[in-house]
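*Asks:* Work out the full structure, taking the sequences as your base and the hints as a guide.
2 protein chains.
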Amino acid sequence: MASFEEFKRANQQYAAGFDKGDLVTPPARKVAVVTCMDARLHPEAFLGLELGDAHVIRNAGGRVSEDAIRSLVISERLLGTEEIVVIHHTDCGMLTFSNEDLAAKIREDLGVDASGRDFLPFSDLEGGVREDVETIRASELIPDDIEVHGAVYDVKTGELREVV
Amino acid sequence: MASFEEFKRANQQYAAGFDKGDLVTPPARKVAVVTCMDARLHPEAFLGLELGDAHVIRNAGGRVSEDAIRSLVISERLLGTEEIVVIHHTDCGMLTFSNEDLAAKIREDLGVDASGRDFLPFSDLEGGVREDVETIRASELIPDDIEVHGAVYDVKTGELREVV
Chain Z
482 MASFEEFKRA NQQYAAGFDK GDLVTPPARK VAVVTCMDAR LHPEAFLGLE LGDAHVIRNA
542 GGRVSEDAIR SLVISERLLG TEEIVVIHHT DCGMLTFSNE DLAAKIREDL GVDASGRDFL
602 PFSDLEGGVR EDVETIRASE LIPDDIEVHG AVYDVKTGEL REVV
Chain C
482 MASFEEFKRA NQQYAAGFDK GDLVTPPARK VAVVTCMDAR LHPEAFLGLE LGDAHVIRNA
542 GGRVSEDAIR SLVISERLLG TEEIVVIHHT DCGMLTFSNE DLAAKIREDL GVDASGRDFL
602 PFSDLEGGVR EDVETIRASE LIPDDIEVHG AVYDVKTGEL REVV
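One line per chain: the protein sequences are Z and C, in this order.
If you count the first sequence from 1, you need to add 481 to reach the numbering used here.
If you count the second sequence from 1, you need to add 481 to reach the numbering used here.
Bear in mind the hints are in silico, worked out from the structure with no lab data behind them.
Certain hints may be false.
Any copy, or any two copies together, can satisfy a pair, since identical chains are not distinguished.
Said to hold, decoys possible - BS3-like cross-link-like pairs, simulated, lysine-lysine; straight-line CA separation at most 25 Å:
(1) Lys637 to Lys511
(2) Lys586 to Lys489
(3) Lys489 to Lys511
(4) Lys586 to Lys501
(5) Lys586 to Lys511
(6) Lys501 to Lys511
(7) Lys637 to Lys489
(8) Lys637 to Lys501
(9) Lys586 to Lys637
No experiment lies behind these values; they were computed from the predicted model shown.
*Replies:* Structure (structure tokens):
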């Protein structure tokens with residue numbers, strides 16, 4: 482069965498027990514999290530988030546891409562968040578390839594030329610966190626009074642470790 | 482107390498009970514979800530996802546931005562996913578402003594000129610889902626054998642409704 486069919490079935494159970502329909506749009510804890518799409522990360526669970534608490538932005542690597550900046554600006558300017566936490570994780574797929582590797586795979590699989598595209602891989606776990614925190618701090622669209630933290634989540638132990 | 486301090490405290494409890502350290506990187510259910518950063522959405526909960534099941538990509542609106550395509554290509558080409566589900570939601574903040582509105586707010590708050598930037602707002606909930614599904618289907622980087630679905634999540638009822 483396709484996952485979407487399973488999702489619809491699982492959602493019927495969730496909706497049957499749902500009682501949080503009165504929450505407002507701005508996050509109650511005024512914080513936005515930027516983290517990886519990795520399937521082994523359930524940020525709400527490992528950060529203790531209740532429904533309505535925090536914006537959660539996720540992409541391959543948890544990178545502070547231009548699109549993450551777009552989301553953060555909307556989060557802060559329109560929805561009142563005042564703190565950002567960037568979380569990368571151990572055993573991340575983004576540590577295992579280069580842009581050239583992926584472009585070669587795309588050429589082989591799809592016959593498409595993706596050379597010159599930046600898929601934002603990184604070679605150093607803590608260095609990637611520091612780089613992304615620095616990108617936020619350097620952005621003219623993110624004011625200096627926004628608190629920014631960086632951390633690493635360990636997929637083997639479930640532990641969050643502060644980096645910056 | 483800053484949220485990051487609360488996160489570290491909550492995480493100690495999570496890690497103390499953590500027993501899923503043996504999961505592999507590729508998502509067990511071979512599916513990637515694209516959805517909104519909204520604090521009222523806990524996708525793992527409303528879709529019935531276990532740790533390790535699915536990639537979850539989130540940004541303001543759950544839009545299929547260039548960065549979402551980057552993440553989807555990595556998900557499919559390097560980590561074996563074969564299905565994509567795009568989920569927008571009712572009462573989305575992205576339905577409430579225009580690029581001009583946000584640029585004016587940024588100018589007022591930060592003194593920065595953000596005119597000309599596209600923050601990807603949309604005016605029609607189901608139309609936005611259809612547009613993002615179409616963007617995926619039209620991308621030369623996403624092959625035609627990837628199954629793509631679109632749905633709307635209702636923040637008042639917890640229900641997921643299929644759109645396309």
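*Asks:* If a hint holds in the structure, say so; if it does not, say that too.
*Replies:* To see whether the hints hold, each was checked on the structure:
no.	hint	verdict
1	Lys637 to Lys511	between (29 Å within a copy, 21 Å between copies)
2	Lys586 to Lys489	neither (33 Å within a copy, 39 Å between copies)
3	Lys489 to Lys511	between (31 Å within a copy, 16 Å between copies)
4	Lys586 to Lys501	neither (44 Å within a copy, 31 Å between copies)
5	Lys586 to Lys511	between (41 Å within a copy, 19 Å between copies)
6	Lys501 to Lys511	within (18 Å within a copy, 30 Å between copies)
7	Lys637 to Lys489	between (30 Å within a copy, 17 Å between copies)
8	Lys637 to Lys501	between (32 Å within a copy, 7 Å between copies)
9	Lys586 to Lys637	neither (29 Å within a copy, 43 Å between copies)
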